[in-house]
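Chemist: Here is how the chains run, residue by residue.
Number of protein chains: 2
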Amino acid sequence: MSTQTPDSSSNYLGINVSGASLLAALVSPEGQVVARGEAAFSNGDLPAQITSLVAELRADAASPVVALGIGVPGLVNPETGRVVVSNDLPSVVRADLQTELARTTNLPITLVNDANAAAYGEYIAGAGRGSRNMFYVTLGTGIGGALIMDGKLWYGDSGFAGEFGHITIDREGIECTCGNTGCLETVASAPNIVRRTHERLIRDSTSSLTRLGLNKNFTAADIAHAANEGDDFAMLMIERTGRYIGTAIAAVINLLNIQRIVLGGGVMDAGKLILDPIIREAGRRSFQPCFEATQIVAATLGPDAVPTGAAMLARDAMRT
Amino acid sequence: MSTQTPDSSSNYLGINVSGASLLAALVSPEGQVVARGEAAFSNGDLPAQITSLVAELRADAASPVVALGIGVPGLVNPETGRVVVSNDLPSVVRADLQTELARTTNLPITLVNDANAAAYGEYIAGAGRGSRNMFYVTLGTGIGGALIMDGKLWYGDSGFAGEFGHITIDREGIECTCGNTGCLETVASAPNIVRRTHERLIRDSTSSLTRLGLNKNFTAADIAHAANEGDDFAMLMIERTGRYIGTAIAAVINLLNIQRIVLGGGVMDAGKLILDPIIREAGRRSFQPCFEATQIVAATLGPDAVPTGAAMLARDAMRT
Chain A
1406 MSTQTPDSSS
1416 NYLGINVSGA
1426 SLLAALVSPE
1436 GQVVARGEAA
1446 FSNGDLPAQI
1456 TSLVAELRAD
1466 AASPVVALGI
1476 GVPGLVNPET
1486 GRVVVSNDLP
1496 SVVRADLQTE
1506 LARTTNLPIT
1516 LVNDANAAAY
1526 GEYIAGAGRG
1536 SRNMFYVTLG
1546 TGIGGALIMD
1556 GKLWYGDSGF
1566 AGEFGHITID
1576 REGIECTCGN
1586 TGCLETVASA
1596 PNIVRRTHER
1606 LIRDSTSSLT
1616 RLGLNKNFTA
1626 ADIAHAANEG
1636 DDFAMLMIER
1646 TGRYIGTAIA
1656 AVINLLNIQR
1666 IVLGGGVMDA
1676 GKLILDPIIR
1686 EAGRRSFQPC
1696 FEATQIVAAT
1706 LGPDAVPTGA
1716 AMLARDAMRT
Chain B
1406 MSTQTPDSSS
1416 NYLGINVSGA
1426 SLLAALVSPE
1436 GQVVARGEAA
1446 FSNGDLPAQI
1456 TSLVAELRAD
1466 AASPVVALGI
1476 GVPGLVNPET
1486 GRVVVSNDLP
1496 SVVRADLQTE
1506 LARTTNLPIT
1516 LVNDANAAAY
1526 GEYIAGAGRG
1536 SRNMFYVTLG
1546 TGIGGALIMD
1556 GKLWYGDSGF
1566 AGEFGHITID
1576 REGIECTCGN
1586 TGCLETVASA
1596 PNIVRRTHER
1606 LIRDSTSSLT
1616 RLGLNKNFTA
1626 ADIAHAANEG
1636 DDFAMLMIER
1646 TGRYIGTAIA
1656 AVINLLNIQR
1666 IVLGGGVMDA
1676 GKLILDPIIR
1686 EAGRRSFQPC
1696 FEATQIVAAT
1706 LGPDAVPTGA
1716 AMLARDAMRT
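Those protein sequences? They're chains A and B, same order as listed.
Position in the first sequence (first residue = 1) + 1405 = the working numbering.
Position in the second sequence (first residue = 1) + 1405 = the working numbering.
No lab work stands behind these hints: they were computed from the structure.
Bear in mind the structure is a predicted one, so any value in this text is a computation, not a measurement.
Heads up, a few of these hints could be off.
Claimed, not checked - Derived, one-sided and incomplete: chain A residues facing chain B with beta-carbon distance under 10 Å:
(1) G1561
(2) D1562
(3) G1584
(4) H1603
(5) S1691
What the hints assert, rightly or not - Per label pair, the in silico range of CB-to-CB distance:
(6) B:M1723 <-> A:E1697: 29 to 37 Å
(7) B:P1694 <-> A:R1724: 28 to 36 Å
(8) A:T1485 <-> B:M1723: 37 to 45 Å
(9) A:D1555 <-> B:A1722: 13 to 21 Å
(10) A:S1426 <-> B:K1677: 47 to 55 Å
(11) B:D1450 <-> A:L1641: 58 to 66 Å
(12) B:D1501 <-> A:D1681: 37 to 45 Å
(13) A:R1724 <-> B:D1450: 38 to 46 Å
(14) B:A1466 <-> A:T1485: 35 to 43 Å
(15) A:N1633 <-> B:T1504: 53 to 61 Å
Even for Gly, the Cβ is constructed at its ideal location relative to N, Cα and C.
Required output: the full structure, derived from the provided sequences and hints.
Modeler: Here it is, written out as structure tokens:
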């Protein structure tokens, strides 16, 4: 399909179509980002928007681009290359993105779930470097995960492995969008951190958060910011969130005895204030010899994670 | 080390040293048990006892025995072949069992954790047959697990993968022997089923269990028996136990999206009365597309599971 054969000067393109805009990265065979691109993500013709972004980055590239990886917010059937389920981006499901992009770009196309792409990006070039077995968690509007075993993404039997957000951490907890009650996501996703904080503010009308001048429409990022400014109540909310996450992390550690756990996503912008209670609670709730073998670290690639991982999976697809 | 080269008529020996007695099985290369042996397990010279049991089975064997696998209740370091940790059988830790048995039997020796051996036995010849990815759970005095990914045991980074019993299912639960609170083991192991039942009996002095004539020293097996005889209260205790187990099973399903989950151990003697609520609760608490891809079944090999798995791992060790 591609007219190019990969060599050491070849580059790979990765694009994240999960966010508010299309983020692209031109990536070296070793996983280093050599150029970035961005395009507004309108609700129009997604293949045309991607094609135009690809053309732009190829025009500027010093060496040939040999494959394109696309991170999408949904499940990808590895055999057909089609997006099977996507709550966040239903239009992708309808489009046969792979065939269409292969035609317009003349590149081999690899579609991949965004959490899997981010995990692989961190594994190759970020906080997962040097490990062989890694669990990746993304903590944002939703909570997802992905598993790398012996250097390879573990997709599971139907492509859904790593559903970290739906681990039950409170059997008596509130209902989740998935139908279960007490999933991690019901307390630790960004919207649920906001919800829990609102509930506490109603209970405690003289909260320090209002002293900090936050308006009624504050976000999880605002809470993290207030916590980092030293607000006691915000710190408490972040600390409790970390303990919930740590409880679920302990299940991963116990089941997999895994070398490294990498935590990414917007909720991790709280930094040490959330990482420390995660590690503490995971330590308290893990079988000790498993915990001692695990490094729990923050992701380092930020918005480059998905494009990097998607590009590297496109690279791998050419090698097989 | 062995003077025999394996061929299609070779057999493999497996011995379980985890129980009250030593259980041995002579196993075909395909995993079929062709003969069994048993010896009292005194606290004396374990290598001598194993050696004598091996000699007995070899004397009766129609075809040559080419390797010996031993299932032990502890962690085995795959590199040294030594038992690293065993709460249940400390004398094994001190003995260099592998070297000693290699000398006395002139067979290649493979030591393996008993839960891993049982998992592999079920995978090759029991309820796991036909799967590639399988999680095994043993529910008895303790609760353990083992993971088979792509046909191979997944030991984890330090050999401790599958610590299913120490998954937190109740953050406010009672203290576990491991130091955590609310581990699955604190409510669903055989002694804890008895403890919970005693607590309910104290609360409810006219319980039907006493009508069934159980004395004060009843066991988990007695409760399962009473449940199968139709005792409402015993059925309730078994059903709740199943729901606790199902909660932890859901975490496995969500993380691994695994094809098959095999449940063994004495607690599973309650049969359908415990399997049904496990499946129901796992279904309620799993991400549905993951759950739909998973078969949850009872183990079928009973006491043959550990010797069969140990023998098959000894077989595999000769092939590498």
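Chemist: All hints, please: hold or fail.
Modeler: Okay, the hints, checked on the actual structure:
1. G1561: It holds, given that the least Cβ distance between G1561 of chain A and chain B is near 2 Å, below 10 Å.
2. D1562: holds, 4 Å
3. G1584: G1584 of chain A check passes; min Cβ-Cβ to chain B is 7 Å, inside 10 Å.
4. H1603: Violated - the Cβ of H1603 of chain A stays beyond 10 Å from chain B, reaching only about 22 Å at its closest.
5. S1691: holds, 7 Å
6. B:M1723 <-> A:E1697: 29 to 37 Å: About 33 Å separates the Cβ atoms of M1723 of chain B and E1697 of chain A, which means 29 to 37 Å holds.
7. B:P1694 <-> A:R1724: 28 to 36 Å: About 29 Å separates the Cβ atoms of P1694 of chain B and R1724 of chain A, which means 28 to 36 Å holds.
8. A:T1485 <-> B:M1723: 37 to 45 Å: holds, 41 Å
9. A:D1555 <-> B:A1722: 13 to 21 Å: holds, 19 Å
10. A:S1426 <-> B:K1677: 47 to 55 Å: 54 Å Cβ-Cβ, so the 47 to 55 Å window holds.
11. B:D1450 <-> A:L1641: 58 to 66 Å: Check passed, 59 Å falls within 58 to 66 Å.
12. B:D1501 <-> A:D1681: 37 to 45 Å: holds, 42 Å
13. A:R1724 <-> B:D1450: 38 to 46 Å: Violated, since R1724 of chain A and D1450 of chain B (Cβ atoms, about 55 Å apart) do not stay within the stated range.
14. B:A1466 <-> A:T1485: 35 to 43 Å: Check failed, 51 Å falls outside 35 to 43 Å.
15. A:N1633 <-> B:T1504: 53 to 61 Å: holds, 57 Å
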